[in-house]
Amino acid sequence: MPRHSRGFDTEAAYAHLAKRDRKLGAWMKRVGAIAPDPRWRKRFDPVDALARAILYQQLSGKAAATIVGRVEAAIASDRFHCDTLARCDDATIRACGVSGNKLLALRDLAARESRGEIPDLRRMSVMDNDAIVEALVPIRGIGRWTVEMMLMFRLGRPDVLPVDDLGIRKGAQAVDKAALMPTPKELIEIGERWGPYRTYASLYLWRIADLAAPSKTETKRSQD
Numbered sequence: 026m027p028r029h030s031r032g033f034d035t036e037a038a039y040a041h042l043a044k045r046d047r048k049l050g051a052w053m054k055r056v057g058a059i060a061p062d063p064r065w066r067k068r069f070d071p072v073d074a075l076a077r078a079i080l081y082q083q084l085s086g087k088a089a090a091t092i093v094g095r096v097e098a099a100i101a102s103d104r105f106h107c108d109t110l111a112r113c114d115d116a117t118i119r120a121c122g123v124s125g126n127k128l129l130a131l132r133d134l135a136a137r138e139s140r141g142e143i144p145d146l147r148r149m150s151v152m153d154n155d156a157i158v159e160a161l162v163p164i165r166g167i168g169r170w171t172v173e174m175m176l177m178f179r180l181g182r183p184d185v186l187p188v189d190d191l192g193i194r195k196g197a198q199a200v201d202k203a204a205l206m207p208t209p210k211e212l213i214e215i216g217e218r219w220g221p222y223r224t225y226a227s228l229y230l231w232r233i234a235d236l237a238a239p240s241k242t243e244t245k246r247s248q249d
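In the numbering used here, the protein residues as written are 26 to 249.
None of these hints come from the bench; they were simulated from the model.
A portion of the hints provided could be inaccurate.
[Unchecked claim] Calculated pairs, PhoX-like style, for lysine-lysine (alpha carbon to alpha carbon, straight line, at most 20 Å):
id: 1; residue 1: Lys54; residue 2: Lys202
id: 2; residue 1: Lys54; residue 2: Lys44
id: 3; residue 1: Lys48; residue 2: Lys202
Whole structure, please, built from the sequences with the hints as guidance.
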């Protein structure tokens, strides 16, 4: 099986997108070049990353970091896995500030890991994007968007377009000067012209959404 490298040539991506979509290219020139994400080259643990993604859901970064720190102290480890999470009963983890739904999600993640259902980095390197999504979305509390963020920001896959993301849709609306945001289905069609660098286009669409609405809170994206 072909092995997928982590990260891609952002200069080639810039040139390709600017040529394929002049309207996007004009915004890209305004924003400037976006450098490769250093996380593309850093090793990470998918199970631990998914556990942290669960704990960070629907919370501010500061509040989530506090809860994560409490859980790490309770399990006496900075590594979230089936073996470390098993060190504490449900009541202890709930006492750290973890909601009931998030606790169930952590337990489901741990159970799936123990059964060998969560691919590690080595396995992911020979899996395409859809296969990784299919493997991870059955986990309680893990949706397609969370997996897409892992694909983009951790695995450095070059051709990911999170069509359900509000910021991406707002950015696409600004690029096309449209009266309405494109629907996810419409965005799939629009995004065809950005392949095979839809990840890089997405990075710009988030920036464009912020620039198009400077008085509003920055568009949500993965920064974990």
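Evaluation of the provided hints:
1. Distance restraint check for lysine 54 and lysine 202: the Cα-Cα separation of roughly 17 Å lies within the 20 Å cut-off, and the hinted pair is therefore satisfied.
2. For a cut-off of 20 Å, the pair hint linking lysine 54 to lysine 44 stands: about 12 Å separates their Cα positions.
3. Among the hinted pairs, lysine 48 with lysine 202 is consistent with the structure: their alpha-carbon atoms are about 10 Å apart, no more than 20 Å.
The structure meets every hint from the earlier list without exception.
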